[in-house]
Amino acid sequence: MSGISSTLSISKTAISAQQAGLAVTGQNIANVNNPDYSVQNADQKSMRPALYAGFLFGTGVDVSQIQQNVDKLLEQRLTGLISEQASFGEQESYMRILEGFFNPNSETSISTVMTEFWNAWHDLSDNPLGSSERVAVFESGEKLASRFESTILDMQDLAQDINADIEAAVGRVNAISEQIAVLNQQIMASEINRTANDLRDQRHRLVDELGELIDIDSFERPDGTIIVNIASSYTIVNGVDSYDLDMVDQEIVWATATGTGKAITDDIVDGQVGGLLEMRDETIPKYITELNELAREMIWAINYQHSQGVGLEYFKDPVTGDYATDDSRWLTSFEFGDKIDFSKEFTMWIEDKTTSDTQYVKSSIDMGISEARITNWDGMTPGGVQSIYKLTVVDEGVLGDNEVIESDGDGLAIVHGSTVDAQSALAAGIAAQTIYVYNGPDGTHVIEVDNNGGETKQSAASIAQALNEAGGVQAFASETHLAFDLTGGFVNAEDGDTIKFSLFVDGLLQEQSFIRDSNLGTMDEQFEEALLAVAATVNGINENDDLYAEGLTIVSSSGATLGVQDFEVQDNTGIRLDAFNFNPGDTVSFNVETMQGILQQSSQTVTLTLDGGIDTTDQAALSEAFSQALSAQLGGGPVTVEHDPYTNSVILRSTTGTDIRLIDNGGAIGGSIDITALSGSVADGANVDNVLDFTGVGDVARFNTVSLDADS
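If you count the sequence shown from 1, position 662 lands on 2029 in this note's numbering, and the numbers rise without skipping.
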């Protein structure tokens, strides 16, 4: 072993290894100005030693791998910072445009035109009777009003330009995600005992480019492919698959794996798209709102001051007006309805010169409250301003009666709770009661309010309808909102657990439940789907479209009383079946049972024959075959079946809060299935191992749910 041949062999391997190292160094030097290139290292390792004369002698050195010298954590952080910088960059570019609308150095900016307006008023104050000064005030006022309008239109046009930029960015995101998926395929095919460094560099460049467009996070899988998520949780690249984004009604929609669309606009915060959305949905609307409010306050203040001179001279021409409330008849539907003061009176003098002596007639309008009133109210009392006013001519002249409604007041806007049920909580807000309406045109009107037997339900909608049937009272029920705050999430709610609740709608109680599955979306998304489903069910029962869901809020358009009760997180058992070990022609038979303690709740037999059409050496084929057999034979039972093609496994979950037990009831075929407890489940202590063996002795594998009192 110590001869010349072994020495030369060691030298040869050393020279080859160093040549490889020099080649890698040359590659590094050649790409010194390539911004997308990652420095590579030639990793060397000792070759397998040779046994000679009882000793192990070294046989030289070899290059085991050519790897990139990359800090992946640092790369991810840099990508995140690139995304933030791109967001701020987009906002800065559009803020510069907005700045021009208010630039004091511009002759047409809001600030310049407003200064001219106030200067015109100042000149008029020095010479109140000057016609040229009055004309200047009028013209500068017109110019300011026109500038207010044009500035808002310019900002709205700017928002449309941003929409075009967002649509272009979304198209670029889709193109890049497709390229990353293609590179994932190439890397997975190339990396067999080696690293495809150049392909990885190309992929990293695309990931950075994607991060510049939208906020992302990515992680690498064992096969070398990467998964890319946007907006924290929405996958657009999963190995060799990519999922597109789309623009629908100015919303960015993510195409799920099932082909359905989900709006994710509110979840995007960084990248060029995040910056554009911030400008479109937050910054520009904020400036438009503030500018509208400025214009509104100026209109009111100037017109109010101008109105102080009304009445100094009589009107010579007919005076007409076309102001009217909308169909609701709320005073707040007037442009300045909130500023009407009902404590004041209105008097109008009429000058009549048709007679030899000029006659003067006074007409006064009394804005008194209708005498009809509600008494014996049990619950939060409606505010006094929630009444109907009548404009009545009390002196000479004929003006007619008009009802004016003011909408402000305390109302019943409060949430009540109970440890019993929603009906008990309701009594604190709108108790079962008798309401009397006195002094109406038909005398005293009696309203019996009770969900159990009363003609009127314990809800704003039903009470308002009953009040409207009484003379002298006019009532309106606003929308009712039931909002769920899931900020803290569901404590200890695992995948496979059942979330249950009952929705209370004017005495109707409708149960709703769903199984937690992170593959279908976040908890908020699944809960929103449950609200949509229960709203549709209740609408179907009531034969109307009263209920609808907006995010995590359910709304009654008519003002029906809403409540929730029987909230529960039910712990379910979940297990994963994989590593299927069988031979061609085997007939596999086993029982799937649900257990509650020592009591069997259900038992179903599953049988599968592995005929020639199933490759027993291919785990993908086996997992699919077992998934199909389990789905067909357990369908409709208390155990659900899910095929996971990414891990070549089958997932079983109980839906009744029970444990799962598998028992071999086949022959001694010598096969086996590995079983793993999912999160929220645990293997039973009596299990010999976590493998179901088919040896003909009735092997048992039981897995129990982890029941936690802290589920909430």
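Careful: at least some of the hints might be erroneous.
Derived lysine-lysine pairs resembling DSSO-like cross-links, with alpha carbons at most 27 Å apart [said to hold, decoys possible]:
| hint | residue 1 | residue 2 |
| --- | --- | --- |
| 1 | K1683 | K1720 |
| 2 | K1729 | K1706 |
| 3 | K1867 | K1629 |
It is worth saying that the hints were derived from the structure and are not from the lab.
So, going through the hints one by one against the coordinates:
Of the pairs offered as hints, the one joining K1683 and K1720 holds, with about 11 Å between alpha carbons and a cut-off of 27 Å not exceeded. The hinted pair formed by K1729 and K1706 meets the criterion: a straight-line CA distance of about 25 Å does not exceed 27 Å. A C-alpha spacing of about 24 Å is found between K1867 and K1629, which places the hinted pair at or below 27 Å, so the restraint holds.
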